[in-house]
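**Student:** With the hints as constraints, model all of the structure from the sequences given.
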Amino acid sequence: DVKVTQSSRYLVKRTGEKVFLECVQDMDHENMFWYRQDPGLGLRLIYFSYDVKMKEKGDIPEGYSVSREKKERFSLILESASTNQTSMYLCASSLIGRGPNQPQHFGDGTRLSIL
Amino acid sequence: AQKVTQAQTEISVVEKEDVTLDCVYETRDTTYYLFWYKQPPSGELVFLIRRNSFDEQNEISGRYSWNFQKSTSSFNFTITASQVVDSAVYFCALSEITGSGYTGKLIFGQGTTLQVKP
Chain A
1 DVKVTQSSRY LVKRTGEKVF LECVQDMDHE NMFWYRQDPG LGLRLIYFSY DVKMKEKGDI
61 PEGYSVSREK KERFSLILES ASTNQTSMYL CASSLIGRGP NQPQHFGDGT RLSIL
Chain B
1 AQKVTQAQTE ISVVEKEDVT LDCVYETRDT TYYLFWYKQP PSGELVFLIR RNSFDEQNEI
61 SGRYSWNFQK STSSFNFTIT ASQVVDSAVY FCALSEITGS GYTGKLIFGQ GTTLQVKP
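As they're listed, the protein sequences go chains A and B.
Residue numbering for the first sequence follows this note's numbering, starting at 1 and increasing by one per position.
Residue numbering for the second sequence follows this note's numbering, starting at 1 and increasing by one per position.
Cut-off 20 Å, straight-line C-alpha distance, at most; resulting in silico cross-link-like pairs (PhoX-like, lysine-lysine):
1) A:Lys3 / B:Lys38
2) A:Lys71 / A:Lys53
3) A:Lys57 / B:Lys3
Hints listed in this document are in silico derivations from the structure and should not be mistaken for laboratory results.
Since the model is a prediction, treat every value here as computed from it, not as a measurement.
**Tutor:** Here is the structure:
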């Protein structure tokens, strides 16, 4: 089974702090994703990476950056946290290899509160 | 543009009732993939099914069944004899395709919250 692990289930930080959310997958997937989920807005893609050191902006990248130094790890960085970044953050990964559109596999999510 | 619409925001049923979750999609492509995910209260999205546009056979897996109708651009999900453990948010998603082909990204609907009461 694919395992996508997010470093924290719950996190509380202060406005202005630099926040790191870590995600690790154990199935050698090329693609990795960061989403945020808010009530009434569904899942929104923040950033996407299709290979080491490669990244692509999603629908809502403002205020975020990402890092993919190793294939298994994809980090989301809030450069200067603000209260409107309080949300549920979900990491996912998927395989390119066997043709298009392999399903994405998700972590448990990190519920981040910015005070 | 591609789009997925789940018009039902919330559904509440009593245990053992059958319930259908609607999903309507928009795409100009002839080849595409559709997905359903379940998000229980614990938070993790769990992959349920993938269907490609050439396979219009309905699929059944235990109490779950999926009805794919290209003519109406719908991919509906039915739970038969619902149980309390089915309470979750359910997402329908469509593969994203650009001029360069599949991007690997998914376009998600807004989700339908299903509450099954005992």
